[in-house]
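Peer 1: Sequence:
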Amino acid sequence: MNNLAYIYKLWIGIAQTSGKLTTSDVLLAAKRLVEGQSDEEIKLSIDEFDNFAKNISLDETIEYLHKVKASKRYVILINLFMVIMLKNINKERVNKEQIAALKNIYIKLELPYLYDTLYLLMMKKYERAHKVLKTHTPNINFICFDENAKSELNQSFHDYQVSFIVLHIDDFFILLNHHSQDLHIYTYQDDVNKPLYSKCLEFRDQPYSFISHNIRDHSIYYIDKDIFIRIVNEKELIYLDETTLERLFSPLNEKKFLTSEVALEIDNNLKCSIVKDHIYSIKANKLFSGYTKKIPIVKDVNFNIQEGELVAIMGPSGSGKTTLLRTFVDQARLQDGELLINGEKISQKYFHRMGYVPQDDVLIKDLNVYDNMYYYYRLHFGGEKSNQEVDKLISTQLRNLGILDIKYSPVFKNGKYTISGGQRKRLNIALELLKDVDLIMMDEPTSGLSSLDSENIIAELKKITILNKIVIINIHQPSTAMYRQFSQVVVFNEDGNNIYTNRSIEVLKIFKLVKTEDAYMFNDEDSELKKDIECMKCEKSDPELLLEIQADEKSNFWNLFSYLNNFTEK
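Going by my numbering, the residue at position 450 of the sequence shown is 550; the numbering climbs one at a time, nothing skipped.
Simulated from the structure, these hints should not be mistaken for laboratory data.
Keep in mind that the hints are not guaranteed to be accurate.
[Stated by the list, open to error] What follows is a list of derived Cβ distance ranges for each label pair: (1) G443 with S171: 43 to 49 angstroms; (2) G443 with D491: 35 to 41 angstroms; (3) H236 with T117: 22 to 28 angstroms; (4) N442 with D466: 36 to 42 angstroms; (5) N442 with Y308: 22 to 28 angstroms; (6) K225 with G437: 42 to 48 angstroms; (7) Y213 with I156: 26 to 32 angstroms; (8) S298 with E444: 33 to 39 angstroms; (9) D491 with S579: 32 to 38 angstroms; (10) N402 with T580: 53 to 59 angstroms.
Quick reminder that beta carbons are idealized off the backbone N, C-alpha and C, glycines included.
Just need the whole structure built from these sequences, with the hints factored in.
Peer 2: Here it is in structure tokens:
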């Protein structure tokens with residue numbers, strides 16, 4: 101029987117001390133317990149786990165843990181701790197019998213100090229946790245990456261939205277995550293013995309070849325040779341892998357350091373400064389813009405967009421979606437309000453970090469795909485790179501967008517295009533990515549494409565955000581699959597009013613309330629409404645709802661939403 105079955109046995113034994121198990125108990129445990137397990141280990145059905153748990157005693161399970169490799173034993177125990185303590189972390193009341201049963205397992209395995217250490221780390225009492233370890237064992241140590249952390253190994257820092265701990269136990273590492281916005285973990289599939297700097301360069305050029313892990317709050321991750329940690333903020337990137345961590349925990353490294361100094365402590369190449377004028381946030385505050393001094397096309401626009409987001413601007417034809425995009429690149433006039441980049445008023449110093457893809461092709465028909473990209477790059481950057489370097493850059497962008505096979509294909513021949521509409525859209529995107537911009541704006545990227553090509557384009561744009569880029573598109577009528585890719589939605593009505601801006605699921609939810617008029621009846625017990633709202637999270641959600649309601653409400657819509665926003669805030 102595999103390790104996961106033994107974890108399940110331990111959890112079921114502890115959980116049942118409090119009496120009846122709820123469905124949420126089981127689901128919560130299942131989500132956490134499968135993390136870090138291989139596909140082979142999670143193929144057993146719940147019935148197989150149950151049968152195993154019935155036929156083995158808790159003492160036999162403890163005996164098994166005594167025999168397994170130390171690294172597996174620690175992973176099992178820490179995973180178990182996080183599952184049992186999740187309710188406490190979420191400020192729910194924890195059953196004292198469960199806590200006593202959990203601690204008893206640690207005592208039977210002669211590791212009571214590990215339980216004490218984990219509890220102190222969870223409560224962010226880092227100094228006390230370090231003293232416990234120093235008293236009981238030389239084989240466990242930790243470094244905390246936490247904006248509020250202060251200990252002998254770490255001082256406070258404020259530049260990173262992270263709160264996680266790396267535990268060094270014997271000869272392996274475990275990452276214990278509290279809550280981290282700027283933390284990303286990837287699996288590297290190629291040569292794991294490559295130096296970290298080479299992995300960094302490869303990630304920059306081919307990020308999609310790395311497998312991204314879903315980072316949950318209050319969960320653990322086993323760090324081995326193929327794991328690659330990336331910490332990002334608006335100023336810099338920090339990369340860590342197993343080799344780097346070994347050097348950080350080396351006895352020779354006695355210097356107290358901040359997390360932001362980790363890279364300099366080990367290797368200058370590990371800390372990659374973000375380029376000058378990197379765009380990491382965009383904010384509009386009561387923005388009005390148009391093409392004359394007095395007549396606005398878009399009105400009272402408000403949004404707050406962060407790097408790594410794909411944002412859709414939606415509204416009927418003529419509502420000002422394109423005008424808003426042109427405001428960014430000074431093709432439309434900012435009449436009133438604010439448009440802020442990184443907290444300061446937009447200015448020309450950021451223009452070189454922006455890319456704008458118009459609705460119509462900017463391709464030169466007489467050139468093939470490669471020549472279009474080659475001359476586009478040379479016109480922007482001149483001769484600063486060799487032909488070989490430019491060729492590699494072009495191939496990388498074409499590969500990332502899935503069109504490397506048309507690299508030398510003609511764009512236009514014998515009076516017609518020789519590449520499809522979807523391929524032309526991707527090629528237009530590739531042209532902007534050659535400039536390594538932070539903000540990419542696209543005017544109707546799905547216009548004229550089939551539903552399949554449209555969904556593929558949106559999926560590719562979502563991938564681009566992995567590199568901490570912001571992608572803003574205007575789109576008239578997305579499918580459900582496309583809509584689910586959006587981070588935020590900025591909605592306009594036919595008069596150019598920005599009637600609502602929020603996370604994509606929240607926009608659908610509030611529009612559903614408007615359509616059914618449940619917002620006016622204040623009926624929280626309506627089971628049909630709850631069912632419909634829940635369906636918005638699955639494939640049955642219908643973004644056409646936004647356009648339907650715009651058509652029904654028309655010019656009175658803005659007043660309606662002003663009232664509704666006020667009500668929901670209260």
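Peer 1: Now tell me if each hint is right for this structure.
Peer 2: These are the hints, each one checked on the structure:
1. G443 with S171: 43 to 49 angstroms: 45 angstroms, holds
2. G443 with D491: 35 to 41 angstroms: About 39 angstroms separates the Cβ atoms of G443 and D491, which means 35 to 41 angstroms holds.
3. H236 with T117: 22 to 28 angstroms: For T117 against H236, whose Cβ atoms are near 27 angstroms apart, the range 22 to 28 angstroms holds.
4. N442 with D466: 36 to 42 angstroms: Given range 36 to 42 angstroms: holds, Cβ gap about 40 angstroms.
5. N442 with Y308: 22 to 28 angstroms: Given about 27 angstroms between the Cβ atoms, the range holds.
6. K225 with G437: 42 to 48 angstroms: Given range 42 to 48 angstroms: holds, Cβ gap about 46 angstroms.
7. Y213 with I156: 26 to 32 angstroms: For I156 against Y213, whose Cβ atoms are near 27 angstroms apart, the range 26 to 32 angstroms holds.
8. S298 with E444: 33 to 39 angstroms: 36 angstroms, holds
9. D491 with S579: 32 to 38 angstroms: 36 angstroms, holds
10. N402 with T580: 53 to 59 angstroms: 26 angstroms, violated
Of the numbered hints given earlier, the model fails hint 10 alone.
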